[in-house]
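**Q** Sequence:
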Amino acid sequence: MARSSLLLHYFSGSGSGSFRRIFFFIFTTLALTTSLFILFSISTTSNLFTHYHPPDPSFLGLNSPFGSSTFSPLTRQTVSISFHNHSKTPFQFQVPQIVHLGEGGFGSQRPLEARFPPDGHGQQSRVAVVLLWVPVVLMNMAISLNSVVGFNSKRSAFLWLKPAVLVGVSLRLLQWSQSCNTVGNILIIQGNYVNYNEVYHDRDIFVEDYKEMKRSFKIYVYPHKRNDRFANVLLPVGSKPGGNYASESYFKKVLMSSHFITKDPTKADLFFLPFSIASLRHDPRIGVGGIKDFIKDYILNISQKYPYWNRTGGADHFYVACHSVGRSAMDKANEVKFNAIQVVCSSTYFHPGYIAHKDACLPQIWPRQGVLPNLSSSNRKKLAFFAGKINSPVREKLLQVWRNDTEIFAHFGRLRTPYADELLGSKFCLHVKGYEVNTARIADSLYYGCVPVIIADYYDLPFADILNWKSFSINVATLDIPLLKKILKRLSFEEYLMLQRNALKVRKHFQWHLSPVDYDAFYMAMYELWLRRSSVRLPLNAFVHPN
Numbered sequence: 001m002a003r004s005s006l007l008l009h010y011f012s013g014s015g016s017g018s019f020r021r022i023f024f025f026i027f028t029t030l031a032l033t034t035s036l037f038i039l040f041s042i043s044t045t046s047n048l049f050t051h052y053h054p055p056d057p058s059f060l061g062l063n064s065p066f067g068s069s070t071f072s073p074l075t076r077q078t079v080s081i082s083f084h085n086h087s088k089t090p091f092q093f094q095v096p097q098i099v100h101l102g103e104g105g106f107g108s109q110r111p112l113e114a115r116f117p118p119d120g121h122g123q124q125s126r127v128a129v130v131l132l133w134v135p136v137v138l139m140n141m142a143i144s145l146n147s148v149v150g151f152n153s154k155r156s157a158f159l160w161l162k163p164a165v166l167v168g169v170s171l172r173l174l175q176w177s178q179s180c181n182t183v184g185n186i187l188i189i190q191g192n193y194v195n196y197n198e199v200y201h202d203r204d205i206f207v208e209d210y211k212e213m214k215r216s217f218k219i220y221v222y223p224h225k226r227n228d229r230f231a232n233v234l235l236p237v238g239s240k241p242g243g244n245y246a247s248e249s250y251f252k253k254v255l256m257s258s259h260f261i262t263k264d265p266t267k268a269d270l271f272f273l274p275f276s277i278a279s280l281r282h283d284p285r286i287g288v289g290g291i292k293d294f295i296k297d298y299i300l301n302i303s304q305k306y307p308y309w310n311r312t313g314g315a316d317h318f319y320v321a322c323h324s325v326g327r328s329a330m331d332k333a334n335e336v337k338f339n340a341i342q343v344v345c346s347s348t349y350f351h352p353g354y355i356a357h358k359d360a361c362l363p364q365i366w367p368r369q370g371v372l373p374n375l376s377s378s379n380r381k382k383l384a385f386f387a388g389k390i391n392s393p394v395r396e397k398l399l400q401v402w403r404n405d406t407e408i409f410a411h412f413g414r415l416r417t418p419y420a421d422e423l424l425g426s427k428f429c430l431h432v433k434g435y436e437v438n439t440a441r442i443a444d445s446l447y448y449g450c451v452p453v454i455i456a457d458y459y460d461l462p463f464a465d466i467l468n469w470k471s472f473s474i475n476v477a478t479l480d481i482p483l484l485k486k487i488l489k490r491l492s493f494e495e496y497l498m499l500q501r502n503a504l505k506v507r508k509h510f511q512w513h514l515s516p517v518d519y520d521a522f523y524m525a526m527y528e529l530w531l532r533r534s535s536v537r538l539p540l541n542a543f544v545h546p547n
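According to full-length UniProt numbering, the sequence shown is numbered sequentially starting from 1.
By construction, these hints were calculated from the structure, which means they are not laboratory data. Cβ coordinates follow ideal geometry from the N, Cα and C atoms, glycine included. It is possible that some hints are incorrect.
[To be verified] Using 20 Å as the maximum straight-line C-alpha spacing, the simulated SDA-like pairs for lysine to any residue come out as follows:
1. K382 / Y419
2. K225 / S258
3. K358 / A464
4. K508 / R403
5. K292 / N334
6. K292 / K214
7. K240 / R368
8. K240 / P274
9. K505 / L461
10. K292 / R368
11. K240 / S515
12. K382 / L491
13. K214 / I261
[To be verified] Okay, the calculated beta carbon distance ranges per label pair:
14. T266 / K486: 55 to 63 Å
15. K485 / L30: 50 to 58 Å
16. I390 / Y349: 24 to 32 Å
17. H351 / S534: 21 to 29 Å
18. G242 / K470: 27 to 35 Å
Please work from the sequences and hints to get the whole structure.
**A** This is the structure we're talking about:
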């Protein structure tokens, strides 16, 4: 009787009002039915969303060295899925990240595997999908109710398009869900896969694009002769680069002898400004105080002598600097600061002179030669390690909180033991902001197989366009320094092993070679430049000099 009364009330009325209510009743009913159908379809045919019961430790075959817990709760990691490759706003959702590790513990080279213990029927339980679709169903029910109450009310008028839209969205999600499947921590999407623990954002795209970069990328370097007055600043160093800021010299030395160089500026993708900030700093004719004027005069000179700077305002030009002096070197050359690509070690987007995505981070790497250290014999008894000068409030805070701790070794001053031994004996190595956000400690950590912990706010990390830093490092906000031990111990043994194994995978990207090796620091820096090149070429005959 109540149902009949409701329908009578719903269809009562005359004219266009009754027709409109009938029209929306059909669509809202269809939307609700579609949602329920999708709920049933996904729960019976897809294992995209699974309910997972943490296994017994005996199933994992693990004994954790971190304490009483042998298995931590499921961790969650956000994964971006784009319906189209060119999408800039990918659909994001959270999925369980479940790792099973075989025997071997530290030093084991077995790849990570994802395994689920079967239930009594050999099938995985599917319950989390209900949580995904409940809001959709409730929305459709709300729309239906608003239709019954009446569309003349201001409160419900804004909903009048929602039923039709939800029908389309629901069908689209059904189509997408049927093409998706999960196997462990691998998401299958129409034949492609995304590994949640992958060290690259998209390995397949990176590898293919990298090949094209090596084949076609061209750089034009403004020419200078050996007898030039400032040849020591503008030409590569003659000796092997060394020291804390060697990355700048390595890049220029390797670039100048590489196949990327073209002597035909019309074929160039980018133009290299070859001045060295480190050399300018040490040149007694210039020094720290004269760098800004030198850069300003250099840009004026090439803009008058060549047409390439003026046609883009320097947007297709770049320079490389690793010393912290480079942060203010462009203060008298704003076109360089705001238009050119700055490849710098001091890559903090807190500083107004650095523009993320336009500029790129160059890793600060202390050059090491020879065979990589043998990590299988390393005995990592310390939880975390840091050694360095007290030259920032962040380091002062670290010292204040952890100086006398027995698990976190925070040392300031000269070490009594070899630096390499401390890195090899620690599970986590701390990269703590000093005078700048950058130091060589990240590369040091990776070289010795120690998981880097980054305590440097506003740091645009090296190769962040390519590498998924969350897969091989820990980022701790400076305000959370008192919670450092808790954050590190919260990680399970298998999570730590995953981080360390991924750290070993990426350390090849943080090494310099005079003869570049595929995917080393030089090629990675070149790929960052490749991503920032422009596909637009302005013909020189279209250029009109302002004078």
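**Q** Does each hint fit the structure? Answer for all of them.
**A** Now the hints, each set against the structure:
{"no.": "1", "hint": "K382 / Y419", "result": "holds, 14 Å"}
{"no.": "2", "hint": "K225 / S258", "result": "holds, 18 Å"}
{"no.": "3", "hint": "K358 / A464", "result": "holds, 13 Å"}
{"no.": "4", "hint": "K508 / R403", "result": "violated, 33 Å"}
{"no.": "5", "hint": "K292 / N334", "result": "holds, 11 Å"}
{"no.": "6", "hint": "K292 / K214", "result": "violated, 34 Å"}
{"no.": "7", "hint": "K240 / R368", "result": "holds, 12 Å"}
{"no.": "8", "hint": "K240 / P274", "result": "holds, 18 Å"}
{"no.": "9", "hint": "K505 / L461", "result": "holds, 17 Å"}
{"no.": "10", "hint": "K292 / R368", "result": "violated, 32 Å"}
{"no.": "11", "hint": "K240 / S515", "result": "holds, 12 Å"}
{"no.": "12", "hint": "K382 / L491", "result": "holds, 15 Å"}
{"no.": "13", "hint": "K214 / I261", "result": "holds, 11 Å"}
{"no.": "14", "hint": "T266 / K486: 55 to 63 Å", "result": "holds, 59 Å"}
{"no.": "15", "hint": "K485 / L30: 50 to 58 Å", "result": "holds, 56 Å"}
{"no.": "16", "hint": "I390 / Y349: 24 to 32 Å", "result": "holds, 25 Å"}
{"no.": "17", "hint": "H351 / S534: 21 to 29 Å", "result": "holds, 25 Å"}
{"no.": "18", "hint": "G242 / K470: 27 to 35 Å", "result": "holds, 32 Å"}
Of the numbered hints given earlier, the model fails hints 4, 6 and 10; all others are met.
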